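Asker: Sequence:
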Amino acid sequence: MAVRTQWTVEHACSHQTVHDLSARPADKRAGFARWLATRDCTDCWKAARDTDTESKEEWLAAKRAAEQEAAFAWATQFDMPQLEGPEKALGWGERSRHQQMTAAHTALVVEGSWNDTDWAELEEKARAVTRAGWWIDQRDAEATDLLELLHAAAEADRGTENPFR
Numbered sequence: 001m002a003v004r005t006q007w008t009v010e011h012a013c014s015h016q017t018v019h020d021l022s023a024r025p026a027d028k029r030a031g032f033a034r035w036l037a038t039r040d041c042t043d044c045w046k047a048a049r050d051t052d053t054e055s056k057e058e059w060l061a062a063k064r065a066a067e068q069e070a071a072f073a074w075a076t077q078f079d080m081p082q083l084e085g086p087e088k089a090l091g092w093g094e095r096s097r098h099q100q101m102t103a104a105h106t107a108l109v110v111e112g113s114w115n116d117t118d119w120a121e122l123e124e125k126a127r128a129v130t131r132a133g134w135w136i137d138q139r140d141a142e143a144t145d146l147l148e149l150l151h152a153a154a155e156a157d158r159g160t161e162n163p164f165r
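The opening position of the sequence shown corresponds to residue 1 in the numbering used here, with each subsequent residue numbered one higher.
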């Protein structure tokens with residue numbers, strides 16, 4: 001007598017579904033059917049996942065808006081120039097610049113040994129870099145490396161044929 005392949009499972013969502021478990025080894029079918037009973041059915045799982053995706057998208061949009069507002073307020077307070085570049089890169093560049101400058105201030109001034117004069121030098125170099133793409137490219141750089149990166153950006157004469165840079 002063969003071990004059955006069709007299992008009727010009552011899921012945690014209280015829906016009953018017939019599952020074809022013929023692809024599983026015969027000795028693992030009962031255990032898998034028990035495990036399925038602890039889960040929602042496929043339709044309920046997909047509905048919950050779609051709801052979660054919408055919630056995550058709304059959360060991310062709200063987070064980006066808050067970050068953008070903080071970056072704008074910071075740029076205004078510290079007299080930072082508007083960034084230049086493609087429209088879709090400007091917001092990301094502003095957020096990246098704000099995050100990099102805030103992290104650098106924390107690492108170099110608050111936790112480090114820099115004074116106001118050292119920080120003022122870094123701010124001046126940051127004001128000179130107005131390309132949004134540059135700030136986006138540096139988003140993963142160490143905060144303590146920012147002065148060196150800004151120095152390299154200010155001294156480099158990097159022409160480009162790329163019209164989008």
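A couple of the hints might just be wrong.
Stated by the list, open to error - Restricting the straight-line Cα-Cα distance to at most 25 Å, the calculated cross-link-like pairs of lysine-lysine (DSS-like) are:
# : residue 1 : residue 2
1 : Lys63     : Lys88
2 : Lys88     : Lys56
3 : Lys56     : Lys46
Derived from the structure by calculation, the hints contain no laboratory data.
Given the structure is predicted, the values throughout are model-derived calculations rather than measurements.
Asker: Does each hint hold? Answer for all of them.
Answerer: So, going through the hints one by one against the coordinates:
1. Lys63 - Lys88: At roughly 17 Å apart (the allowed maximum being 25 Å), lysine 88 and lysine 63 satisfy the hint.
2. Lys88 - Lys56: 21 Å, holds
3. Lys56 - Lys46: 15 Å, holds
The structure meets every hint from the earlier list without exception.
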